[in-house]
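Start from the sequences, fold in the hints, and give me the full structure.
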Amino acid sequence: MTTDADVRAEIIDTVRRFVAREVIPHASELEHQDRFPTAMVEQMRELGLFGVTIPEEYGGLGLDLLTYIGVIEELAYGWMSLTGVVNTHTMAATLIIHHGTEAQRQRWLPIMASGERRGALSLSEPDAGTDTRNISCRAQRDGDEYVINGTKAWVTNGETAGIVALAARSEEGISAFIVEKEPGPQFEGISVAKREGKLGYKGVETVQMAYTDHHIPAGNLIGEAGRGLPQILSVLELGRINIAARAVGVTRAAFDAGLAYAQQRTTMGKPIAEHQAIQLKLADMATRLEASRLLTRNAAERKMAGLRCDVEAGMAKLFASETALEVSMDAMRIHGGVGYTTDLPVERYYRDAPLMVIGEGTNEIQRIVIARGLLARALEQGTAS
Amino acid sequence: MNVVVCVKQIPDPVAPGALDPGTNTLNRSGKLIMDDSDNYGVEMALQLAGGEGDEVTLVSMAPGGETSGLRTGLAMGAAKAILISDEALAGSDALGTAKVLAAAIARANPDLIVMATESTDGYTGTLPVQVAELMGLPSVTFAKAISIEGSTIKVERQTEAGFDEVVCPMPAVVTVTAGVVEPRYPSFKGIMAAKSKPVENLTVADLGLDASQVGSAGSGQEITDVSESEARGSGEIVVDEGDGAQRVVAFLEQLKVI
Ligand SMILES: Cc1cc2nc3c(=O)[nH]c(=O)nc-3n(C[C@H](O)[C@H](O)[C@H](O)COP(=O)(O)OP(=O)(O)OC[C@H]3O[C@@H](n4cnc5c(N)ncnc54)[C@H](O)[C@@H]3O)c2cc1C
Numbered sequence: 001m002t003t004d005a006d007v008r009a010e011i012i013d014t015v016r017r018f019v020a021r022e023v024i025p026h027a028s029e030l031e032h033q034d035r036f037p038t039a040m041v042e043q044m045r046e047l048g049l050f051g052v053t054i055p056e057e058y059g060g061l062g063l064d065l066l067t068y069i070g071v072i073e074e075l076a077y078g079w080m081s082l083t084g085v086v087n088t089h090t091m092a093a094t095l096i097i098h099h100g101t102e103a104q105r106q107r108w109l110p111i112m113a114s115g116e117r118r119g120a121l122s123l124s125e126p127d128a129g130t131d132t133r134n135i136s137c138r139a140q141r142d143g144d145e146y147v148i149n150g151t152k153a154w155v156t157n158g159e160t161a162g163i164v165a166l167a168a169r170s171e172e173g174i175s176a177f178i179v180e181k182e183p184g185p186q187f188e189g190i191s192v193a194k195r196e197g198k199l200g201y202k203g204v205e206t207v208q209m210a211y212t213d214h215h216i217p218a219g220n221l222i223g224e225a226g227r228g229l230p231q232i233l234s235v236l237e238l239g240r241i242n243i244a245a246r247a248v249g250v251t252r253a254a255f256d257a258g259l260a261y262a263q264q265r266t267t268m269g270k271p272i273a274e275h276q277a278i279q280l281k282l283a284d285m286a287t288r289l290e291a292s293r294l295l296t297r298n299a300a301e302r303k304m305a306g307l308r309c310d311v312e313a314g315m316a317k318l319f320a321s322e323t324a325l326e327v328s329m330d331a332m333r334i335h336g337g338v339g340y341t342t343d344l345p346v347e348r349y350y351r352d353a354p355l356m357v358i359g360e361g362t363n364e365i366q367r368i369v370i371a372r373g374l375l376a377r378a379l380e381q382g383t384a385s
Numbered sequence: 386m387n388v389v390v391c392v393k394q395i396p397d398p399v400a401p402g403a404l405d406p407g408t409n410t411l412n413r414s415g416k417l418i419m420d421d422s423d424n425y426g427v428e429m430a431l432q433l434a435g436g437e438g439d440e441v442t443l444v445s446m447a448p449g450g451e452t453s454g455l456r457t458g459l460a461m462g463a464a465k466a467i468l469i470s471d472e473a474l475a476g477s478d479a480l481g482t483a484k485v486l487a488a489a490i491a492r493a494n495p496d497l498i499v500m501a502t503e504s505t506d507g508y509t510g511t512l513p514v515q516v517a518e519l520m521g522l523p524s525v526t527f528a529k530a531i532s533i534e535g536s537t538i539k540v541e542r543q544t545e546a547g548f549d550e551v552v553c554p555m556p557a558v559v560t561v562t563a564g565v566v567e568p569r570y571p572s573f574k575g576i577m578a579a580k581s582k583p584v585e586n587l588t589v590a591d592l593g594l595d596a597s598q599v600g601s602a603g604s605g606q607e608i609t610d611v612s613e614s615e616a617r618g619s620g621e622i623v624v625d626e627g628d629g630a631q632r633v634v635a636f637l638e639q640l641k642v643i
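Those protein sequence lines, which keep their order, are chains U and E.
Going by the working numbering, the letters in the first sequence line up with residues 1 to 385, in that order.
Going by the working numbering, the letters in the second sequence line up with residues 386 to 643, in that order.
By construction, these hints were calculated from the structure, which means they are not laboratory data.
Check the hints yourself; a few may be wrong.
To be verified - The calculated DSBU-like cross-link candidates involving lysine-lysine, where the alpha carbons are at most 35 Å apart (straight line), are:
hint, chain 1, residue 1, chain 2, residue 2
1, E, K580, E, K416
2, U, K303, E, K416
3, E, K416, E, K641
4, E, K416, U, K281
5, E, K582, U, K303
6, U, K198, U, K303
7, E, K582, E, K539
8, U, K303, E, K574
9, E, K574, E, K529
10, E, K641, E, K529
11, E, K641, U, K303
Said to hold, decoys possible - Here are the in silico distance ranges between beta carbons for each label pair:
hint, chain 1, residue 1, chain 2, residue 2, range
12, E, G450, U, R227, 49 to 55 Å
13, U, S28, E, E585, 42 to 48 Å
14, E, I533, U, G337, 56 to 62 Å
15, E, P398, U, R35, 28 to 34 Å
We put the CB at the ideal spot given by N, CA and C, even for glycine.
What follows is the structure in structure tokens.
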């Protein structure tokens, strides 16, 4: 279903205004202190940001993916970490939408849509990042419960979330579960073992979570036991489009900063924007920004149309994240010395960008996904010789 | 209680504005948005008319059937809107606009009319009191707080020295200053709902006005010339050589602020 174009534009515009007034003036300070943006997240909740893609029948807004990526781009333009609060939440909700039973949807989606409970997605482990098949966290069936034991790594929102979509190994293989918990460092058998210190992506917590004999109802199994990996990986396609949209937002912020500074700063009697060396940079930055945006949009449109988009989502994620890295560096170069200081947000863009190269499937893996997808399509079309 | 808020739809201030060389008036042909100063009026009205059966109606006069700015106010929570759009209105001066707004507001039969002190694109600051005069209503300007007490309103009216407390019977026209309230952002749900809220489209004839009274035909004012405003000079940079504080004090004294 497609969102009315006026409604989409008005929503994205509202987020842009929210970001300009409430986020940009405070983001760097919170980020430097690595403080969770409690007030901003509360305002995001009031706007309806946690229910954007959840269907209306479950208390969400049922807006389309183009609206969602527009919102994500605007948030990332102000502070990339805010998108992290929304993204894993949306992926956990999407997992429930696609693979949960009707009763499970009724139970969890409304409280997620309102933002009363925020979600995390917990797939990775210390020894299972790219190598997801290596997951060792166990879910042992015990009557009408599962008992969870093991350590999960890199859980973004792990502490503040109330709902965790968890991948753990049951008798049948890797399965997906919903773990309900109270936000905080400790809940029953779950404890936050470590808060990762990070280069960027600060404010939002990324934690190691240890499960010790933690009991959950058997009814919290999502979909078929043993099918957890393909279920979660199918949601990661959305995740990649998310990451691409975040990267577009960061790239745009870096480009805008570079463009503005190039017109203000004068050397040798003229604005540096009139030096050809700077113009070449601006032209390349803008061109790559535009390409990132179009690739991201294309992947989203294919997904909305129900077309296969593994290759397109991978391309968007790969290109947009590499672009964010390059353009944030170029923006810093344009700024010269001040770009390297913590007085301006350019250094933050530069520190935030690499996450998008690594998270949601590293760019090395992205290339492999793209190549495999292309080869599979070639085979299907009988173009293999 | 019925509250009407007058909402001006203006060219996006982020985009560079341009004057129409023929009429010397602001070019309003592109997409228009709700004037930021009306955010406060809409928010104030929504807070005052938040009870059961209360209703906020937006009234706007704009070219080209423009509703984008009205949709923002509807998304914030107003129930409906009245839009007056008519080619005959082009070139209206403040009084002409006041006649149109007064006639449209009267249709909504409000208990209270809230307007911004002045708009941000092109303004005279006289429109609200003209509307009040034409409607035969009392007006209170520069409100920094409004409360309702039975059939009267109590207004804290901002003055240079502090504020006056004004009590006034309703219906009345009140103008609010920026910062009176913290305007809400329209929620996504509100934005979706705004799409199907009623906007009544009216012409000059619908209001029972004669086209000769409004627009450039009825305008008692003519813009004969425009000139560039003076460019802002660059500031003076003072290097602190131990006497920084004294120099700041001297500067402030020169400005007569201390
Ligand atoms: C800040 C942050 C937040 C995160 N948030 C979450 C979260 O919320 N939920 C979650 O589940 N995960 C999360 N992750 C984990 C993230 O998805 C993984 O870090 C990522 O998938 C890489 O896994 P790894 O760290 O184990 O690296 P490894 O898999 O050890 O990879 C190391 C290197 O080897 C390369 N490599 C690995 N295998 C191959 C191969 N087969 N072929 C070619 N190259 C290969 C990789 O590309 C990389 O360059 C987060 C990570 C970070 C840094």
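Each hint, compared with the structure:
1. E/K580 with E/K416: Since the Cα atoms of E/K580 and E/K416 sit roughly 17 Å apart, the hinted pair holds (cutoff 35 Å).
2. U/K303 with E/K416: holds, 31 Å
3. E/K416 with E/K641: violated, 43 Å
4. E/K416 with U/K281: holds, 32 Å
5. E/K582 with U/K303: Between E/K582 and U/K303 the Cα gap is close to 31 Å, so the pair holds against 35 Å.
6. U/K198 with U/K303: Holds, because 32 Å separates the two Cα atoms, which is no more than 35 Å.
7. E/K582 with E/K539: holds, 31 Å
8. U/K303 with E/K574: Measuring from Cα to Cα gives roughly 24 Å; hence the hint holds.
9. E/K574 with E/K529: With a Cα-Cα distance of about 29 Å, the restraint between E/K574 and E/K529 holds, given a limit of 35 Å.
10. E/K641 with E/K529: At roughly 27 Å apart (the allowed maximum being 35 Å), E/K529 and E/K641 satisfy the hint.
11. E/K641 with U/K303: This hinted pair is violated, its Cα atoms lying about 64 Å apart.
12. E/G450 with U/R227: 49 to 55 Å: holds, 54 Å
13. U/S28 with E/E585: 42 to 48 Å: Holds, at about 47 Å.
14. E/I533 with U/G337: 56 to 62 Å: holds, 58 Å
15. E/P398 with U/R35: 28 to 34 Å: holds, 33 Å
Going down the numbered hints, you'll see the structure goes against 3, 11, while the others check out.
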